[in-house]
Amino acid sequence: MLKINLQYDWETFHADYCVDIPPGVTTLLGGSGEGKSTLLHLLGGFLDGRGEIYFNDASLLSLPAYERPISTLFQSDNLFPQLTVWQNVAVGLSPSLSLNKEQNQKVQWALDKTQLLDKAERFPQALSGGQAQRVAIARALVRKKPILLLDEPFSALDPSLREEMLYLVNDVTQELGLTTLLVSHLPSEATLVGGRVILIEQGRITAHEDVSVLSETGFHPHFSRYFGVSNSGER
Amino acid sequence: MVECDNAITGTNLLFFHTIKRLTPALIGVGVFLLVGAASLAALLRYSDLPSWVGYLQQPYLWRVVRFSLWQALLSSGISLLIAIPVASCLIHRSFYGRSALLQLFSISMVVPTIVAILGLVVVYGRTGWLSHILGVQIPLYGLVGILLAHVFFNMPLAVRLLLQGYDLIPAGQWRQASQLGFSRWAAFRWIEWHYIKKALPGAFVLIFMLCFSSFAVVLSLGGGPKSSTLEVAIYQALRFDFDLNKASFLALLQVFICTLFAVVVYRLAPVNRQDASLLAVRGYALKDSWLAKVADGVALLCALSLVIPPFLAIFDPVFSPVFLSTLQSAALWDAVLVSMKIALPAALLSLLLGVCFGVLARFCMDRPYLAFLPNKIEHLGNMILMVPGLVIATGLFLTLRDLGLGLQSSYWIVVWVNAVMALPFVLRALMPVLYQQERRFRNVYLSLGIYSWARWRLEWPLVRKSVAQAFGYALLLSLGDMGVIALFGSQGLVSLPLYLFQLIGSYQLEKGACVAVVLISLCLVLFYCSSRFIGGVTARVKN
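Those protein sequences? They're chains U and A, same order as listed.
If you number the first sequence the way the working numbering does, the last residue is 235 and the count never jumps.
If you number the second sequence the way the working numbering does, the last residue is 778 and the count never jumps.
Next comes chain U alone, as it looks inside the complex (with noise of 0.2 Å):
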């Protein structure tokens, strides 16, 4: 179970986030700049909040980000593009790129499990969008942590793309038994994943429900005001 009690402010920005997430994936809805990524950062190690972050009853909260259980793909910038795809995999292993034979093999397997074990030797230049993201993923792979954060890595792939990307997320997280937070804009990325939905409205967590409450004919209240906004385009 991941604990979440954190404060974070930022000049006019003020957020403060407190909620349980259980194992499984859970999906971070709400409009942009009401502070879902800003969450990700904060459990990431990425930026400095206040209160609490314990994950099976650990403290996260003063680890740096190399030492903390959580692997992170962001929209960008995942990968290196002066290292080919198989030492961006590698290098989440052993950032000297010196492999011991078992870790050859595990960066062997998630690059199967990826399918790119015939692109191991290409630069990140030389793939496509959703080839790219799944370097970025055969890598959360290989470092076994047990949190994956996802903000918005597949948001500029196109929709066949990004289902396909969102079922290998959904697969790998079922298989290893991963706490995964994934922050998106779209309901229906919700629904494909399934298990819980978070949605975050000015930087507070309004309603933690079962992925089920978006398909209900009637909507639950929150999620009811953000569909309403998103609909009219407001935001």
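Careful: at least some of the hints might be erroneous.
The list that follows gives simulated cross-link-like pairs (lysine-lysine, DSBU-like), each with its CA atoms no further than 30 Å apart [what the hints assert, rightly or not]: (1) 145(U) <-> 433(A); (2) 101(U) <-> 522(A); (3) 522(A) <-> 144(U).
Simulated restraints, written as ranges between beta carbons of each label pair [as the list claims (entries may be wrong)]: (4) 499(A) <-> 167(U): 42 to 48 Å; (5) 420(A) <-> 121(U): 23 to 29 Å; (6) 693(A) <-> 59(U): 47 to 53 Å; (7) 146(U) <-> 308(A): 52 to 58 Å.
A few chain A positions that, by computed beta-carbon distances, are all more than 10 Å from chain U [claimed, not checked]: (8) 283; (9) 413; (10) 416; (11) 527; (12) 602; (13) 614; (14) 671; (15) 761.
The set of hints was computed from the structure by calculation and includes no laboratory data.
The C-beta atom is built at its ideal place from N, Cα and C for all residues, glycine as well.
Chain U is already provided as a structure; the job is to place chain A on it using the hints.
Coordinates of chain A only, in the frame set by chain U:
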């Protein structure tokens, strides 16, 4: 048919408006080229080509060339070797005095040569601090002294050039490195080296050229003909023999060697460009270790021990009783006035030329058929580093003499040559920020029809720090000039560095040291004023 004619008329009109908007920039660059070409042509008119074969057979010439190359290679190599770990340390560590150190680095590369030499003599000379404290004697006059001076000037420059290379690293890479637990060594190996190795050839060529054409340092610390460079040989040919033929031969030889060197290095150099990143730059912590701390400490200590002591030594005479009497000397204040009269217009002219180059390069940037030009335009401005200032000055003097303007034009020659010699530094400070504005706002400008001055007005808050830095560099370089002024300096045109040189030459070392304090203080005050008044209240030295 009518539509087609209208289209042609429209295209012509657009072309006419474009040329009209570019006219000031074209005039600026045109004058720069024309004056340069006229100067070289005037010098070549006095050449006797058959006699050049004879020069090539002189062992003295080859000794000078060999020494020029050797000291320039060593100086640039050592400067860069020290600069690489120092730049890495400055990027990763925040410590008390870090920004002051960056300020010091930005000033030390343009500190007047003659003043720095004085500082070096006080520290490393026979009766200097080093000898007093550690009992160590350094053979200051000769290669060692030249290297010490060149590293003092160019290591900070190299650090700043490498820091510009670091600016090209997308922040996303640091974020990934932080997430993946990179050590400093892993970050250097997989991220930093990839970017700085692209900045190294440019930095190496620039420092090599500065050292290859070094004049005042070699003249003061060379210690005789054994350690002479081509630039000093040109000075001797002009000043003592007034042998224009030999001077033009040596100048062309210098240009040839520098060009050859630059072409070879740039051919081997990889292309340097910003990788796409949507992330704003901010610091991300890497895994630290005691080994990384020790390595950073050693690198920083090495840099500080090379730069700080000569600076402190410059201010040593403040406590001397001679200082006050020197301040009361009328000759000193006359020299201050002459220096200001040269440096201020030279800096302004250099800045104007830099802006002209910048405007043309920006215009060419995103036009597919001209996209190859911005680099070339920048190289054109930097080419001045290959041509000795003395040669341009002499050529210009001969041109003006042919036009009926004799010695009375020497003031303007000094101003012009100082302006063009500072141009490479002005371009280094200006161009990156001008390119950045063009990339950011080009489409907005085009859609809203914003051109010329309107663009400058909009961009001023974003570019003023770089403009201040460019102006400050040009000002300090012109204030400290000891090349052209040594050739044209006469009664009534004695600048502070020349006055200082004359005092040292007449063994008035104590008084000279006091004049050096005035000169460096003037530099610091003017650099501060430039940053404060042009750069704005929050202006800080850019990384």
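When you take the CB atoms of residue 146(U) and residue 308(A), is the distance between them in 52 to 58 Å? holds (55 Å)
If I take the minimum Cβ distance from residue 614(A) to any residue of chain U, is it greater than 10 Å? Fine: 26 Å to the nearest Cβ keeps residue 614(A) off the interface.
Non-interface claim for residue 761(A): all C-beta distances to chain U beyond 10 Å? Fine: 37 Å to the nearest Cβ keeps residue 761(A) off the interface.
For a C-alpha distance cap of 30 Å, please report whether residue 101(U) and residue 522(A) respect it. Between residue 101(U) and residue 522(A) the Cα gap is close to 25 Å, so the pair holds against 30 Å.
Just double-check residue 671(A) for me: nearest Cβ-Cβ distance to chain U has to come out over 10 Å. Given a closest Cβ separation of 19 Å, the condition holds.
Compute the least Cβ-Cβ separation between residue 283(A) and chain U, then decide whether it is above 10 Å. Non-interface label stands for residue 283(A): nearest chain U Cβ at 54 Å, farther than 10 Å.
Minimum Cβ-Cβ distance from residue 416(A) to chain U exceeds 10 Å: Violated: least Cβ distance 3 Å, not greater than 10 Å.
Hint says 23 to 29 Å; check whether the CB-CB distance for residue 420(A) and residue 121(U) agrees. holds (25 Å)
Residue 602(A) and chain U, when compared Cβ to Cβ, separated by more than 10 Å: Holds: least Cβ distance 25 Å, greater than 10 Å.
Proposed proximity, residue 433(A) with residue 145(U) (alpha carbon, max 30 Å): Outside the cut-off at roughly 35 Å; violated.
Evaluate the condition: distance from the CB of residue 527(A) to the nearest CB of chain U exceeds 10 Å. holds (13 Å)
Beyond 10 Å from every chain U Cβ: check whether that's true for residue 413(A). Violated: least Cβ distance 5 Å, not greater than 10 Å.
Of the hints listed earlier, those the structure fails to meet are numbers 1, 4, 9 and 10, in rising order.
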